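K.L.:
Sequence:
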Amino acid sequence: MRLPPRITSNLMKTAKKIFRIGGLTVLGFYALVAVALVYLRFLPPLTTGVQAQRRVESLLRGEDYEKQYRFIPREDVGANLRRAVVAAEDTRFYEHRGFDWVEVQKARRDAERRGTAPRGASTLTQQLVKNLFFTTHRSYVRKGLEVTITPMAELILGKDRILELYVNVIEWGPGVYGAYAAAEHYYGVAPSDLSRNRAARLAAVIPSPLSRSPQRMNSYAGTIEGRMRQMGW
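Just so we're aligned: 78 in our numbering is position 87 of the sequence shown, and the numbers increase by one with no gaps anywhere.
Simulated from the structure, these hints should not be mistaken for laboratory data.
Among the clues, some could well be false.
Cut-off 20 Å, straight-line C-alpha distance, at most; resulting in silico cross-link-like pairs (DMTMM-like, lysine to aspartate or glutamate) [said to hold, decoys possible]:
#: 1; residue 1: Lys150; residue 2: Glu48
#: 2; residue 1: Lys134; residue 2: Glu66
#: 3; residue 1: Lys150; residue 2: Glu66
#: 4; residue 1: Lys134; residue 2: Asp67
#: 5; residue 1: Lys134; residue 2: Glu175
#: 6; residue 1: Lys97; residue 2: Glu86
#: 7; residue 1: Lys134; residue 2: Glu145
#: 8; residue 1: Lys58; residue 2: Glu175
#: 9; residue 1: Lys150; residue 2: Glu80
#: 10; residue 1: Lys134; residue 2: Asp151
#: 11; residue 1: Lys97; residue 2: Glu80
#: 12; residue 1: Lys58; residue 2: Glu48
#: 13; residue 1: Lys150; residue 2: Glu94
Quick list of simulated restraints, FRET-style, between CB atoms [said to hold, decoys possible]:
#: 14; residue 1: Pro165; residue 2: Lys134; range: 39 to 47 Å
#: 15; residue 1: Tyr30; residue 2: Arg129; range: 44 to 52 Å
#: 16; residue 1: Ala98; residue 2: Ala43; range: 52 to 60 Å
#: 17; residue 1: Glu66; residue 2: Ile9; range: 49 to 57 Å
#: 18; residue 1: Phe10; residue 2: Ser199; range: 40 to 48 Å
#: 19; residue 1: Gly213; residue 2: Thr139; range: 31 to 39 Å
#: 20; residue 1: Thr38; residue 2: Gly14; range: 41 to 49 Å
#: 21; residue 1: Asp184; residue 2: Ala43; range: 29 to 37 Å
#: 22; residue 1: Lys97; residue 2: Gln44; range: 42 to 50 Å
#: 23; residue 1: Val138; residue 2: Ile12; range: 18 to 26 Å
#: 24; residue 1: Pro35; residue 2: Leu146; range: 32 to 40 Å
#: 25; residue 1: Tyr56; residue 2: Leu18; range: 29 to 37 Å
#: 26; residue 1: Lys58; residue 2: Val138; range: 35 to 43 Å
Just so you know, these numbers come straight off a predicted model, no measurement behind them.
C-beta atoms are modelled at their ideal positions from N, C-alpha and C, and glycine is treated no differently.
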């Protein structure tokens, strides 16, 4: 059945309007992200998506929420912890442009061999984007947005600032965010005073910060220290 020309014309106008609004919404979103990244290039974030998520979750559970967070300059983080984090989470951090295709291919081959879904191969940049703008909840929409924002973060922030932001905002335990809070919470010292072993233990907590503690990370911490030596650190 053929629709009358008037109805067809109205439907076309409505469709064009919807697409125009959608396009402007997408452009507005990425413009805001770009502005936020420029801000973060020079100033610390007031909060992050993951930090906001944890506060909301605590409110919904009716639990008290105490946030430990203090942003510190890159040099105050200390070389041991910076290097341990790179060795643990993204050994090719200084070689890629936001995506480690070597690790992605390896994860795909491992998944095909095991007959399972590919494991995560997120870089530090991708993890930073997730922490800053999103939550820990997984979805294809979040992953798609994360992938499109990652090159922007690499371009605007640069490697040193990405690492500085990362070690300052990531979750290191319930309510514990960033290197300063983590070093103080677990060891009662400044991050720059962490030994190689303690730094490796903290880095070993990163994948599961709500269920791991540095004291129980003997084996993985040793692996991280081995990677640090292989990387010339």
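K.L.:
Determine for every hint whether it applies to the structure shown.
P.N.:
Consistency of the hints with the structure:
{"no.": "1", "hint": "Lys150 to Glu48", "result": "violated (32 Å)"}
{"no.": "2", "hint": "Lys134 to Glu66", "result": "violated (31 Å)"}
{"no.": "3", "hint": "Lys150 to Glu66", "result": "holds (14 Å)"}
{"no.": "4", "hint": "Lys134 to Asp67", "result": "violated (32 Å)"}
{"no.": "5", "hint": "Lys134 to Glu175", "result": "violated (33 Å)"}
{"no.": "6", "hint": "Lys97 to Glu86", "result": "holds (17 Å)"}
{"no.": "7", "hint": "Lys134 to Glu145", "result": "holds (17 Å)"}
{"no.": "8", "hint": "Lys58 to Glu175", "result": "holds (13 Å)"}
{"no.": "9", "hint": "Lys150 to Glu80", "result": "holds (14 Å)"}
{"no.": "10", "hint": "Lys134 to Asp151", "result": "violated (24 Å)"}
{"no.": "11", "hint": "Lys97 to Glu80", "result": "holds (15 Å)"}
{"no.": "12", "hint": "Lys58 to Glu48", "result": "holds (13 Å)"}
{"no.": "13", "hint": "Lys150 to Glu94", "result": "holds (19 Å)"}
{"no.": "14", "hint": "Pro165 to Lys134: 39 to 47 Å", "result": "violated (25 Å)"}
{"no.": "15", "hint": "Tyr30 to Arg129: 44 to 52 Å", "result": "violated (27 Å)"}
{"no.": "16", "hint": "Ala98 to Ala43: 52 to 60 Å", "result": "violated (29 Å)"}
{"no.": "17", "hint": "Glu66 to Ile9: 49 to 57 Å", "result": "holds (51 Å)"}
{"no.": "18", "hint": "Phe10 to Ser199: 40 to 48 Å", "result": "holds (42 Å)"}
{"no.": "19", "hint": "Gly213 to Thr139: 31 to 39 Å", "result": "holds (37 Å)"}
{"no.": "20", "hint": "Thr38 to Gly14: 41 to 49 Å", "result": "violated (30 Å)"}
{"no.": "21", "hint": "Asp184 to Ala43: 29 to 37 Å", "result": "holds (31 Å)"}
{"no.": "22", "hint": "Lys97 to Gln44: 42 to 50 Å", "result": "violated (30 Å)"}
{"no.": "23", "hint": "Val138 to Ile12: 18 to 26 Å", "result": "holds (24 Å)"}
{"no.": "24", "hint": "Pro35 to Leu146: 32 to 40 Å", "result": "violated (20 Å)"}
{"no.": "25", "hint": "Tyr56 to Leu18: 29 to 37 Å", "result": "holds (36 Å)"}
{"no.": "26", "hint": "Lys58 to Val138: 35 to 43 Å", "result": "violated (29 Å)"}
Consistency note: the structure conflicts with the earlier hints numbered 1, 2, 4, 5, 10, 14, 15, 16, 20, 22, 24, 26.
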